[in-house]
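K.L.:
Chains as they are written, first to last, in my numbering: chain A, 167 to 514; chain B, 202 to 587; chain C, 3 to 276.
Because the hints were derived from the structure by calculation, they are not lab data.
A hint or two may mislead.
Heads up, simulated DSS-like pairs for lysine-lysine below, C-alpha to C-alpha not over 25 Å straight-line [stated by the list, open to error]:
| # | chain 1 | residue 1 | chain 2 | residue 2 |
| --- | --- | --- | --- | --- |
| 1 | B | Lys311 | C | Lys202 |
| 2 | A | Lys511 | C | Lys270 |
| 3 | A | Lys315 | C | Lys247 |
| 4 | C | Lys26 | A | Lys315 |
| 5 | C | Lys94 | B | Lys209 |
| 6 | A | Lys405 | C | Lys26 |
Using C-beta positions, here's what the derived DEER-type ranges look like [unchecked claim]:
| # | chain 1 | residue 1 | chain 2 | residue 2 | range |
| --- | --- | --- | --- | --- | --- |
| 7 | B | Asp489 | C | Glu67 | 53 to 61 Å |
| 8 | C | Arg104 | B | Glu320 | 49 to 57 Å |
| 9 | A | Pro317 | C | Asn256 | 31 to 39 Å |
| 10 | A | Glu415 | C | Met14 | 51 to 59 Å |
| 11 | C | Lys26 | B | Lys503 | 44 to 52 Å |
| 12 | A | Lys168 | C | Thr245 | 35 to 43 Å |
With the Cβ distance kept under 7 Å, some of the chain C side facing chain B (calculated, not the full set) [stated by the list, open to error]:
| # | residue |
| --- | --- |
| 13 | Met14 |
| 14 | Tyr66 |
| 15 | Phe200 |
| 16 | Ser201 |
| 17 | Lys202 |
| 18 | Asn207 |
Every residue, glycine too, gets a C-beta built ideally from N, C-alpha and C.
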Amino acid sequence: MKQVTDIEEYQNIMVFVEIRDHEQVLEGSFELLSKARELADKSDQKVDVVVLGKDVEQYLSDIELSNPDRIFYCSHEALKHYDSQIFPDMITQLIKEHKPFAFLATFTEAGKDLTPRLAQRFATGCTSHCTDLDIEHLPDYGRDLLLMKRPAFSGNVIATIVSPHTMPQMATVQPGVFRKQSRDRINNKSEKPEMIELAFDYDLSKIRIKNLSSPTRWEKKHVLLEEASLIVTGGRGVKDKKTFKLLHELAGLLNGEVGATRVPVFKEWCSEERMIGQTGKSIKPKLYISFGVSGQIQHTSSIVDSEIIVSVNIDEKALISEMSDYVINEDAASFIKQLITRLKKEIR
Amino acid sequence: MDLEFSKKQLMVQKNIRNFARKVLGEWDHILDRESRPLPNDVVKLMGELNIWGIQAPVSMGGAGLDTVSYSIMIEEISRVCASTGLGVTVHNSVCLAPVLKFGTEYQIEKYGPCLTKGEKIGGFTITEPQAGSDASSIRTYAVKDGDNFIINGQKAFVTNGGTGEIFLVGAMVDDGSGKKQMAVFIMDKDMPGFETGKIEDLMGMRGNMVSELSFHDVKVPGKNLLGGTLKGFSMAMKTLDIGRIGIASQALGIGVAAYEAAAKYASERKQFNKPIGKFQAVSFKLADMKIELEAARLLIYKACFLKDSGRAFSVESAMCKAYAPAVAMRACKEALQIFGGYGYVKELPVERYFRDAKITEIYEGTSEVMKIIIGNSILSEFTDKY
Amino acid sequence: MNLQINIREKLMLNIIVCTKQVPKTGNVKVYKGTGTLNRKETENIINPDDLHALELALHLKEKYESHVTVLTMGPDNAEDILYEAYALGVDKCVLLSDEQFRGADTYATSLTLSRAIEKLGGYDIILTGMTAIDGNTSHVGYQISEFLNIPLITQINDIEIIEKHAIINRLYGHEYQKVEVDLPILLAADKETNHVRFSKFSDINNCFDKKIIKMNMEDLGGTEDDYGIKGSPSIVVKTESFTHKRQQEKIDGNLDEKVEQFIDILKKHNILKY
Numbered sequence: 167m168k169q170v171t172d173i174e175e176y177q178n179i180m181v182f183v184e185i186r187d188h189e190q191v192l193e194g195s196f197e198l199l200s201k202a203r204e205l206a207d208k209s210d211q212k213v214d215v216v217v218l219g220k221d222v223e224q225y226l227s228d229i230e231l232s233n234p235d236r237i238f239y240c241s242h243e244a245l246k247h248y249d250s251q252i253f254p255d256m257i258t259q260l261i262k263e264h265k266p267f268a269f270l271a272t273f274t275e276a277g278k279d280l281t282p283r284l285a286q287r288f289a290t291g292c293t294s295h296c297t298d299l300d301i302e303h304l305p306d307y308g309r310d311l312l313l314m315k316r317p318a319f320s321g322n323v324i325a326t327i328v329s330p331h332t333m334p335q336m337a338t339v340q341p342g343v344f345r346k347q348s349r350d351r352i353n354n355k356s357e358k359p360e361m362i363e364l365a366f367d368y369d370l371s372k373i374r375i376k377n378l379s380s381p382t383r384w385e386k387k388h389v390l391l392e393e394a395s396l397i398v399t400g401g402r403g404v405k406d407k408k409t410f411k412l413l414h415e416l417a418g419l420l421n422g423e424v425g426a427t428r429v430p431v432f433k434e435w436c437s438e439e440r441m442i443g444q445t446g447k448s449i450k451p452k453l454y455i456s457f458g459v460s461g462q463i464q465h466t467s468s469i470v471d472s473e474i475i476v477s478v479n480i481d482e483k484a485l486i487s488e489m490s491d492y493v494i495n496e497d498a499a500s501f502i503k504q505l506i507t508r509l510k511k512e513i514r
Numbered sequence: 202m203d204l205e206f207s208k209k210q211l212m213v214q215k216n217i218r219n220f221a222r223k224v225l226g227e228w229d230h231i232l233d234r235e236s237r238p239l240p241n242d243v244v245k246l247m248g249e250l251n252i253w254g255i256q257a258p259v260s261m262g263g264a265g266l267d268t269v270s271y272s273i274m275i276e277e278i279s280r281v282c283a284s285t286g287l288g289v290t291v292h293n294s295v296c297l298a299p300v301l302k303f304g305t306e307y308q309i310e311k312y313g314p315c316l317t318k319g320e321k322i323g324g325f326t327i328t329e330p331q332a333g334s335d336a337s338s339i340r341t342y343a344v345k346d347g348d349n350f351i352i353n354g355q356k357a358f359v360t361n362g363g364t365g366e367i368f369l370v371g372a373m374v375d376d377g378s379g380k381k382q383m384a385v386f387i388m389d390k391d392m393p394g395f396e397t398g399k400i401e402d403l404m405g406m407r408g409n410m411v412s413e414l415s416f417h418d419v420k421v422p423g424k425n426l427l428g429g430t431l432k433g434f435s436m437a438m439k440t441l442d443i444g445r446i447g448i449a450s451q452a453l454g455i456g457v458a459a460y461e462a463a464a465k466y467a468s469e470r471k472q473f474n475k476p477i478g479k480f481q482a483v484s485f486k487l488a489d490m491k492i493e494l495e496a497a498r499l500l501i502y503k504a505c506f507l508k509d510s511g512r513a514f515s516v517e518s519a520m521c522k523a524y525a526p527a528v529a530m531r532a533c534k535e536a537l538q539i540f541g542g543y544g545y546v547k548e549l550p551v552e553r554y555f556r557d558a559k560i561t562e563i564y565e566g567t568s569e570v571m572k573i574i575i576g577n578s579i580l581s582e583f584t585d586k587y
Numbered sequence: 003m004n005l006q007i008n009i010r011e012k013l014m015l016n017i018i019v020c021t022k023q024v025p026k027t028g029n030v031k032v033y034k035g036t037g038t039l040n041r042k043e044t045e046n047i048i049n050p051d052d053l054h055a056l057e058l059a060l061h062l063k064e065k066y067e068s069h070v071t072v073l074t075m076g077p078d079n080a081e082d083i084l085y086e087a088y089a090l091g092v093d094k095c096v097l098l099s100d101e102q103f104r105g106a107d108t109y110a111t112s113l114t115l116s117r118a119i120e121k122l123g124g125y126d127i128i129l130t131g132m133t134a135i136d137g138n139t140s141h142v143g144y145q146i147s148e149f150l151n152i153p154l155i156t157q158i159n160d161i162e163i164i165e166k167h168a169i170i171n172r173l174y175g176h177e178y179q180k181v182e183v184d185l186p187i188l189l190a191a192d193k194e195t196n197h198v199r200f201s202k203f204s205d206i207n208n209c210f211d212k213k214i215i216k217m218n219m220e221d222l223g224g225t226e227d228d229y230g231i232k233g234s235p236s237i238v239v240k241t242e243s244f245t246h247k248r249q250q251e252k253i254d255g256n257l258d259e260k261v262e263q264f265i266d267i268l269k270k271h272n273i274l275k276y
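Excised from the complex, chain A in its bound form (with noise of 0.2 Å):
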């Protein structure tokens, strides 16, 4: 690929900050934030902020916490939602602008759409859902280089990608993989960031899709086990029928599905369709925690696709510790209804 004649002017990173449904920004954006100061900081470039909304100026203050250098943002009713055009055509605006070194947003729905965009639009490389930055200086293209890891062929393998010749180095972040740093500017002597506002001259007649009517809030259907992202199983340990419906206020509070042992469906805790082993569903949720299940072979041989495994055992013996990720030793039913008591308080 050719090399862009003025690659050495690109400096600083660029970070899209998100409004999340309207409320409030995201989380994976302030997770964002603190990785773009580490890797600002490491390599003496400038953390710069774009965020676009209504209202937004009841974010910024919140978003300086992260301590960026200059955030911009811009308030309008037409960028209340995420659109494919305007977004991509104000931050292109940005970055012919001030030229930034990289350009780095959360893989969202918003940023799946935007980062490919402005890559193209650019002829740079764009790495998504990644799981790893770093900026490192290769010899081999004589430059720092921002160093973008990410799972490749569904997981099997992690690959290590670089936009060498092309400016900005673009990636989207998956959401949960930097922590977010404690944003305590108060004791922070660093200054306050620079706060530019863009305006809205957008010809809203350019807009292709056009809303029909208003949209109307997703109700979540019952989801079918095998295509439940969360799952919480209760096993022999659950000890009763009570106990065992109580998993359904607990998945309720954490958006997922109640999974069963063969025990549960026999005792008539629950119905056979909830049963997961040899014969009944074979899953592959995000997170799976098991409640009393001692781990037999019939049931666990359905969960090994789970990404996350937690049991909960009052026998720390028990074989499905072996294939958790996590192993919380204590009587199920106690730690259920301490569970569900401590969620209520964390979610308002």
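Put chains B and C on the given structure of chain A with help from the hints.
P.N.:
Relative to the frame of chain A, chains B and C by itself:
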């Protein structure tokens, strides 16, 4: 000599495996538990995909594929649902195939398309309560009456009996000279006097509505005499040659299902701190299964190859029909043993494979009859003729 | 998922579906250390999301008079997936194959596909799968949308074509929206969009008799700097094999402490907000 599937056959395999897993996989345990047939919409979907006429001409609504593709289809279906595999192989091989091969123009035109598309399900029956292997002792009688035949009699263990509409029926006819011979008639269950008897409560293949049929003065038009000839016995035997490839494929499918379930279990189940598959007692059982299943497979494809190249294949057909069911039974028995107590529990499909497999050694000619056929052919091969 | 069949409209829609042959990554075999794919021992399939795109195209073909062309960029044996497409019932298949196309990243791939689409011309609807199971980037749909300057709609629940525009019911964030867009449009499908049909065995029988049209760099125009590795801004500098071992991390303490730590885990993995 190419021992690999062609690209077309691979695509057939992929497609039917996908169908079996996604569609039949929802029903196989229900059919077994409740002894009920597939729902009509699934039967209809199978018709749209040409499953009911996979070797029938494309112009008739079939797929026009070769016999190996047919074997693959039966194997893959039977792997998931042996009952359905049975229904499909009987329909294709011993009802539709003989109609297309031996039928008169009228018969092919009248029955070909509706059978090919699965609009009507078909069956084939010779067996009677008192006549199994001794086929010539059947007592169903067809008496000529003008342009028609009047048929009386009773048939037992008719596959697709409960769901089928078109049946090839073996009946004895007076050939005019006082001698009796077996003729084959195409009968429709709507014919007055045609009665479907009780559905059998079976050990396995419980998703197939195997039943008795009885005929009370059923008037069958003369043009329904298969091939327009009273010499039905040889047609029936050739039909069974075709059918046996299907039954062998069915047995293979059941055996493969048992083997794969056992192999997976043996690699996961731990006793004495290691997967049980690491113990030779278990791995040897698996090794034997693999060897025999592969051998059965090759025997089947040999018979397919001979059939498709227009050569005689009765002996090879009998060989794969003798071998594959025996292999399936051994695989099922050892698979269940590997599962131990869990193999005995209805919650897992292993015990069903065992129950389904047994009949493959019996119907469409018992293993013993197969060996008679093979034995006779050996003798005639080795006897010097002067 | 609720795609209703309305009265057959007399529209002649020209539909192009972009597909990709990918290794079946569930069984991927990588060389230990480098993590590069052992292509010889890995089975190749049509990308699952692309099958849903094909299904949507075939659904539109049944609903409206349409012509469906399937396009893929790949080596010669990528034609296997085109025969599969023929067996599902499409009208024409095109293989974009050239040594110069090798090693393309998503930018170069999107560029190549876009040029081919423009060469084929006269399109009303372009369909792609949302994500490929090997690269997992989901970029190509968005970048083709940029190259061709046509709108992209994803997470489709329902679609109706009336004259030269589409009325689409789609999921956007947590909301269903009903939108109207003028043709031509680009649609991205995935497993939520529909259930893929099975092939008829008669179609499998005759699919290998059908012709696959080949296009190479010369047919698309441009120079070799536009395509393949030379045309790719992204470079992979390292690949490592990754096996997911369960860490078996013990959570200790009294009941309260364990619950607290558990809540922390939920936050770390983005199940709960901080």
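K.L.:
Against the structure, test the hints numbered earlier, and report the numbers of the ones violated in rising order.
P.N.:
6, 11, 13, 14
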